[in-house]
Every structure is written in C-alpha cells, then in structure tokens.
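Following the hints, position chain B against chain A.
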Amino acid sequence: EDKVVQSPLSLVVHEGDTVTLNCSYEVTNFRSLLWYKQEKKAPTFLFMLTSSGIEKKSGRLSSILDKKELFSILNITATQTGDSAVYLCAVEELRNTPLVFGKGTRLSVIA
Amino acid sequence: DTAVSQTPKYLVTQMGNDKSIKCEQNLGHDTMYWYKQDSKKFLKIMFSYNNKELIINETVPNRFSPKSPDKAHLNLHINSLELGDSAVYFCASSRGTVYGYTFGSGTRLTVV
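Sequence lines, in order, name chains A and B. Counting with my numbering, you get residues 1 to 111 for the letters of the first sequence. Counting with my numbering, you get residues 1 to 112 for the letters of the second sequence.
By construction, these hints were calculated from the structure, which means they are not laboratory data.
Below are the DSS-like pairs computed for lysine-lysine, each with C-alpha atoms no more than 27 Å apart in a straight line: (1) A/41 <-> B/40; (2) B/9 <-> B/19; (3) A/103 <-> A/41; (4) A/103 <-> A/3; (5) B/40 <-> A/40; (6) B/9 <-> A/40; (7) A/68 <-> A/3; (8) A/40 <-> A/3; (9) B/40 <-> A/3; (10) A/57 <-> A/103; (11) B/44 <-> A/37; (12) A/103 <-> B/9; (13) B/40 <-> A/37; (14) B/36 <-> A/103; (15) A/103 <-> A/68; (16) A/41 <-> B/71; (17) B/19 <-> A/41; (18) B/41 <-> A/3; (19) A/103 <-> B/40.
If the Cβ cut is set under 10 Å, some of the chain A residues that face chain B in the computed set are: (20) 38; (21) 86; (22) 90; (23) 98; (24) 99; (25) 101; (26) 103.
Note that CB positions come from ideal geometry on N, CA and C, so glycine has one too.
If we strip away everything but chain A, and leave its shape as in the complex, we get (with noise of 0.2 Å):
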C-alpha cells in the first residue's frame, strides 16, 4: 500500500492559472512532510511542514499541512510556464529513516 499519495497525477493548466495539489498521507510515525520539485534533472527543495495550520510561503508557491486530516496541499498562483515540472511530496517518519516519496504530480503549463 503506498503511504504517500498524491493528486491529481497530472494537470495541464494555462498560463495564469492557479493550481492545488494534493497530498495524503497514513504513517505511523509522522515527523515532517517535505515537496520538491523535479525539473530535468534532480529535485529541489520546496518546503518542509512539521506543524498544521502554518502556511509555508515563496513567491507564488505555498503550501499547509492538516496534520488531523493527513494531507498536505501546494498551491501555486499565476502559473507561468516555467512551473511546468513533476512536484513530488515525501514524508518523513521516525528520526532519520528515509523519505517517502508520493509517484508526484506532472504540473505542464502552456502559455
């Protein structure tokens, strides 16, 4: 059973639009919920998430956590074409035992 799962698997949107994207979770442990973002080549940090409620913000991205609810979103506002990438949530148990990652979501924005 995957632990981390995200929604939708893809999304194809226009240029200004805003975008949500899921994600849930059901571990036992919960420590930390992280998104990146996968371009070409390797991910890149996002956020990390500890705590419900708090809203992580960078520019046109940010993203809560529901830590009663299990799910996490990311948003993104006034899409631009270089937003178009694979976002990837991960969650984080016990101390120091890997990431688990969701199978991502292919966000592509077309001008």
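For chain B alone, coordinates are given in the frame of chain A:
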C-alpha cells in the same frame, strides 16, 4: 562547486554485467541515500547510510550493494544487471531533514 555529484551521468551496459555508480557530497552531511526513479518518476528508497547505520529497503535485490569508504562517499555497486534495473538512480545527502535532502543530478542506467 557541485554539492552532491554522481558519476557517470549516463551508463549503458549489457545484461549480466557488473557496474558501479559513484556519489560524493561536499556538504558535510552525515547521512547519504540511494533512490531509484522509474519511468513514471516514482522515487523509491534503496539504502540510507550514515557512519553508524546502514538501512536497507528489504525489497532491494541483494545484487545491489552500497559501499561507503568515508562519510563523503556512498557508491552503489550492482551485480548481474537485469533489464528491469534500467532507471535513473539518485544519490542524496542530508543532515537530518531540516533543510530537506540535497540530490545529485542522477545516473541514467540503461541495461540492454
């Protein structure tokens, strides 16, 4: 300076061969990882290693073995390569997860 560097970037080899992928990090991180990413972009942990403990994903065939000569290096050795081993292999490192992992640029392995 590249923080996490992997070599080679591309590797094409025949079934049955043995190959190694090297990984080095210059971040002073204490934990290193190998992930396998399939054609659908699913990243799956293979190993994590710090100077105290090797954690192996039990689903990884024993043809795969990590080798760490020191804290800054974690190499991946693969014996008797199979077609299903074709994937992109990512090395990563961390000092805890406060700042997330830093990934290498990946090694695309193609077994023919």
